[in-house]
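Based on the provided sequences and hints, a complete structural model is requested.
Protein chains: 2
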Amino acid sequence: MTTGAQLRVGLAGLGTVGVGVCKLLAKNAQALEKRCGKKLVITAVSARNRYKERGVDLSGVTWYKDPLALATAEEVDVVVEVMGGSGDPAKALVEAALRAKKPVVTANKALLAEHGRALAQLEEETKTALCAEAAVAGGIPILKTLREGLAANTIFELHGILNGTCNYILTEMLETGRDFAEVLQEAQTLGYAEADPSFDIDGVDAAHKLTLLSAMAFGVEVSMRDTFVEGIRKINAVDIAYATELGYRIKLLGIAKRHEDGRIEQRVHPCMVPKHAPIAKVDGVFNGVVIQGDFVDKIVMEGRGAGAGPTASAVVADLVDIARANTSPLFGQPASLLGPLRSLPLGQRSGTFYVRLMVVDRPGVIAEVSAILRDEQVSLEALLQRGRAPGEAVPVVFTTHDTNEAAMQRALQSISRLNSVIEPPQMLRIESF
Amino acid sequence: MTTGAQLRVGLAGLGTVGVGVCKLLAKNAQALEKRCGKKLVITAVSARNRYKERGVDLSGVTWYKDPLALATAEEVDVVVEVMGGSGDPAKALVEAALRAKKPVVTANKALLAEHGRALAQLEEETKTALCAEAAVAGGIPILKTLREGLAANTIFELHGILNGTCNYILTEMLETGRDFAEVLQEAQTLGYAEADPSFDIDGVDAAHKLTLLSAMAFGVEVSMRDTFVEGIRKINAVDIAYATELGYRIKLLGIAKRHEDGRIEQRVHPCMVPKHAPIAKVDGVFNGVVIQGDFVDKIVMEGRGAGAGPTASAVVADLVDIARANTSPLFGQPASLLGPLRSLPLGQRSGTFYVRLMVVDRPGVIAEVSAILRDEQVSLEALLQRGRAPGEAVPVVFTTHDTNEAAMQRALQSISRLNSVIEPPQMLRIESF
Numbered sequence: 030m031t032t033g034a035q036l037r038v039g040l041a042g043l044g045t046v047g048v049g050v051c052k053l054l055a056k057n058a059q060a061l062e063k064r065c066g067k068k069l070v071i072t073a074v075s076a077r078n079r080y081k082e083r084g085v086d087l088s089g090v091t092w093y094k095d096p097l098a099l100a101t102a103e104e105v106d107v108v109v110e111v112m113g114g115s116g117d118p119a120k121a122l123v124e125a126a127l128r129a130k131k132p133v134v135t136a137n138k139a140l141l142a143e144h145g146r147a148l149a150q151l152e153e154e155t156k157t158a159l160c161a162e163a164a165v166a167g168g169i170p171i172l173k174t175l176r177e178g179l180a181a182n183t184i185f186e187l188h189g190i191l192n193g194t195c196n197y198i199l200t201e202m203l204e205t206g207r208d209f210a211e212v213l214q215e216a217q218t219l220g221y222a223e224a225d226p227s228f229d230i231d232g233v234d235a236a237h238k239l240t241l242l243s244a245m246a247f248g249v250e251v252s253m254r255d256t257f258v259e260g261i262r263k264i265n266a267v268d269i270a271y272a273t274e275l276g277y278r279i280k281l282l283g284i285a286k287r288h289e290d291g292r293i294e295q296r297v298h299p300c301m302v303p304k305h306a307p308i309a310k311v312d313g314v315f316n317g318v319v320i321q322g323d324f325v326d327k328i329v330m331e332g333r334g335a336g337a338g339p340t341a342s343a344v345v346a347d348l349v350d351i352a353r354a355n356t357s358p359l360f361g362q363p364a365s366l367l368g369p370l371r372s373l374p375l376g377q378r379s380g381t382f383y384v385r386l387m388v389v390d391r392p393g394v395i396a397e398v399s400a401i402l403r404d405e406q407v408s409l410e411a412l413l414q415r416g417r418a419p420g421e422a423v424p425v426v427f428t429t430h431d432t433n434e435a436a437m438q439r440a441l442q443s444i445s446r447l448n449s450v451i452e453p454p455q456m457l458r459i460e461s462f
Numbered sequence: 030m031t032t033g034a035q036l037r038v039g040l041a042g043l044g045t046v047g048v049g050v051c052k053l054l055a056k057n058a059q060a061l062e063k064r065c066g067k068k069l070v071i072t073a074v075s076a077r078n079r080y081k082e083r084g085v086d087l088s089g090v091t092w093y094k095d096p097l098a099l100a101t102a103e104e105v106d107v108v109v110e111v112m113g114g115s116g117d118p119a120k121a122l123v124e125a126a127l128r129a130k131k132p133v134v135t136a137n138k139a140l141l142a143e144h145g146r147a148l149a150q151l152e153e154e155t156k157t158a159l160c161a162e163a164a165v166a167g168g169i170p171i172l173k174t175l176r177e178g179l180a181a182n183t184i185f186e187l188h189g190i191l192n193g194t195c196n197y198i199l200t201e202m203l204e205t206g207r208d209f210a211e212v213l214q215e216a217q218t219l220g221y222a223e224a225d226p227s228f229d230i231d232g233v234d235a236a237h238k239l240t241l242l243s244a245m246a247f248g249v250e251v252s253m254r255d256t257f258v259e260g261i262r263k264i265n266a267v268d269i270a271y272a273t274e275l276g277y278r279i280k281l282l283g284i285a286k287r288h289e290d291g292r293i294e295q296r297v298h299p300c301m302v303p304k305h306a307p308i309a310k311v312d313g314v315f316n317g318v319v320i321q322g323d324f325v326d327k328i329v330m331e332g333r334g335a336g337a338g339p340t341a342s343a344v345v346a347d348l349v350d351i352a353r354a355n356t357s358p359l360f361g362q363p364a365s366l367l368g369p370l371r372s373l374p375l376g377q378r379s380g381t382f383y384v385r386l387m388v389v390d391r392p393g394v395i396a397e398v399s400a401i402l403r404d405e406q407v408s409l410e411a412l413l414q415r416g417r418a419p420g421e422a423v424p425v426v427f428t429t430h431d432t433n434e435a436a437m438q439r440a441l442q443s444i445s446r447l448n449s450v451i452e453p454p455q456m457l458r459i460e461s462f
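Line order of the protein sequences matches chains A and B. Here the first sequence is numbered in the working numbering, starting from 30 and rising by one per residue. Here the second sequence is numbered in the working numbering, starting from 30 and rising by one per residue.
Note that these hints are calculated values from the structure, not bench results. Keep in mind that this is a model prediction, so the values were computed, not measured. A couple of the hints might just be wrong.
[What the hints assert, rightly or not] Straight-line C-alpha distance at most 25 Å; calculated PhoX-like pairs for lysine-lysine: (1) B:Lys52 - A:Lys286; (2) B:Lys327 - A:Lys304; (3) A:Lys63 - B:Lys130.
Structure, rendered in structure tokens:
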């Protein structure tokens with residue numbers, strides 16, 4: 030160990046995560062020096078409000094009003110970007126730092142999902158590391174696992190719970206039997222959901238993370254355009270109860286699969302998963318990821334996907350890698366070798382489905398529905414109709430055998446036009462891992 | 030990517046794992062070249078029997094009868110040791126390769142558990158990487174996770190299912206209600222247990238792995254001497270049934286904890302764990318590890334802990350790291366900085382316990398037992414005695430509140446001397462993660 034050697038950190042952003050990084054570097058300074066052979070020292074910071082009390086000692090640290098100035102400051106060896114946002118100033122900061130040959134650590138999934146390929150190219154051109162462990166699944170070292178730990182494998186599938194807010198809401202709905210709106214409000218009160226929750230509950234955040242994982246797993250470009258995204262607003266207590274009855278849990282999953290012809294499926298939506306599947310047991314604010322490779326078979330990782338501590342853990346792990354000169358390319362291979370993403374449209378996939386209809390309880394309804402399904406060659410696995418209430422609305426639930434998704438969608442459109450069907454059908458994909 | 034660049038691999042050992050490495054390097058050659066910027070090519074092999082049919086093409090590869098000659102061969106850049114055994118030739122091979130400045134990848138936990146510190150010192154002296162991902166938990170990249178992914182954390186506890194043979198046996202015993210000997214025999218027939226199974230079922234293999242994890246987690250020397258080891262021979266169907274009744278599963282765990290005074294507990298033994306704990310759900314031949322750190326909180330990893338594919342995945346991941354010049358020290362910090370292991374003797378720890386006695390069913394037995402427990406200040410949590418059979422042998426089961434282990438052991442000795450107690454008491458530690 031070279032005594033006195035330092036890695037000087039410029040920290041852009043002093044929100045929850047930035048403050049977490051400060052606390053971690055202070056608390057574990059001695060161990061980090063042993064592990065890196067260098068002291069990790071914050072020498073510069075940038076944030077909107079200079080004088081806010083944050084509970085960390087920033088005396089002796091240079092203050093930059095303009096984060097871009099921090100990116101090129103002389104006393105900074107490496108830049109940590111924890112400001113967030115897919116555009117400037119975060120984007121300009123990362124670019125400026127790489128151009129100034131200062132490695133960058135970022136927690137910014139939106140930035141990477143939108144501009145990942147261009148930034149990876151800049152990483153390659155400047156031969157300067159861009160690290161982003163904190164961008165996906167918080168404290169779980171999932172990027173390192175994909176790019177390094179499982180680097181020997183051809184990955185063919187991964188799926189994960191990538192958004193703790195949605196998983197918390199779905200877990201609470203299951204445990205309390207309450208409806209979506211009520212649980213969302215409680216999550217907001219507890220700080221598990223934002224005041225404007227749409228980014229989380231509409232699946233966008235999970236989709237950002239999924240596209241990054243998919244690019245790393247399959248060596249293709251990051252593409253939000255090729256990702257089907259649907260959130261959890263439509264999930265209600267009735268479907269959760271049916272899922273339980275049928276032996277499933279409802280989870281918002283990100284799923285990426287490579288088919289034998291090289292085409293890739295990327296989708297984020299609520300699914301039913303068998304209650305004994307590893308991913309079904311990941312509850313509350315936890316994240317979990319399952320990766321399948323040709324030699325390793327199946328690897329499951331679970332941990333906290335957000336919060337100051339876990340995110341700081343991931344940010345500082347990247348700093349340790351940089352201090353050890355131990356980094357691998359952002360997407361696990363040179364950006365120039367990332368292939369185009371040939372996408373498998375949703376309509377061309379097959380799968381099994383859960384459908385719940387609200388129908389008027391009168392003779393002939395099931396015959397009408399069955400005829401439509403038969404015409405689209407949708408084969409039923411099970412059909413539940415319970416509780417007679419002649420003339421009133423009752424739920425009819427069915428699950429299917431393996432079915433082409435386009436055929437299923439056509440059948441649902443026909444079904445929704447029936448007079449006896451009084452609500453748009455509820456459809457959930459069943460995933461049997 | 031430098032076209033034509035190669036990393037030339039010398040492979041010592043052509044058993045299941047060695048052949049798995051050959052197959053992996055052949056099947057995923059193209060992807061590996063993209064990821065490493067180099068071709069990974071086997072140029073030399075060594076094994077006992079040259080002409081055995083192994084289903085892999087070794088034409089053009091130099092054959093060494095003497096593995097030591099392979100270690101220093103000119104056409105070898107990196108040596109893979111998958112021969113096994115804690116002594117020579119494996120040890121001599123690894124030493125010779127490092128001295129010749131050829132990085133080494135080994136899957137040999139016995140070697141590292143016995144000689145880890147000396148080998149880490151040699152790694153440091155020669156500035157040549159010694160990598161061992163395959164030595165612990167097969168395909169799960171647990172060493173990388175501890176040393177790199179969680180490098181920002183002070184780790185205070187880890188526990189894991191580190192031996193697939195034992196976990197398979199315990200899972201089968203639970204699912205079928207059969208006894209140990211019968212399930213062991215079946216496991217041997219299926220190839221999940223060796224003809225001489227003692228290394229696995231007596232906990233030695235798990236202890237080797239635990240000491241390596243503990244050294245990496247806590248920055249201390251590898252010490253089998255300071256590891257308490259007990260296997261699963263004593264587990265029987267009766268205790269598994271009681272565990273289920275009490276809400277537990279019985280698992281062979283490796284547990285390492287650092288206490289606030291810096292002392293470290295290392296132990297491998299069967300335990301009862303709450304059935305909802307993550308580790309309780311790791312079944313069959315799978316391995317699982319749970320790590321707790323100060324910032325990341327809890328990380329769980331699960332996957333296949335043995336077998337040709339998963340082990341080859343780990344071996345080749347190390348080769349990728351070496352090709353990328355991306356290695357970290359074996360124990361995550363320079364060997365010279367590894368502290369001594371100050372051990373917490375088992376008798377000084379406290380915990381909760383499950384005890385089963387076989388007693389003659391006659392008045393006064395419980396009073397005698399209770400008096401002994403009271404005298405040792407062991408406080409009961411629950412006591413079960415069921416089914417009267419006056420004059421015959423019946424089980425009495427109790428669980429305790431938090432108790433000093435030495436006191437518990439003294440109490441058990443006194444209890445075993447009672448006339449009415451007709452078998453040595455069965456004691457299992459309860460771990461509440």
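Here is how each hint holds up against the structure:
1. In summary, the hint linking B:Lys52 to A:Lys286 is supported, as the alpha carbons are separated by about 23 Å, within the 25 Å threshold.
2. Taking the CA atoms of B:Lys327 and A:Lys304, the gap is about 22 Å. The hint holds against a cut of 25 Å.
3. Simply put, A:Lys63 and B:Lys130 have alpha-carbon atoms about 24 Å apart, close enough for the 25 Å limit, and the pair holds.
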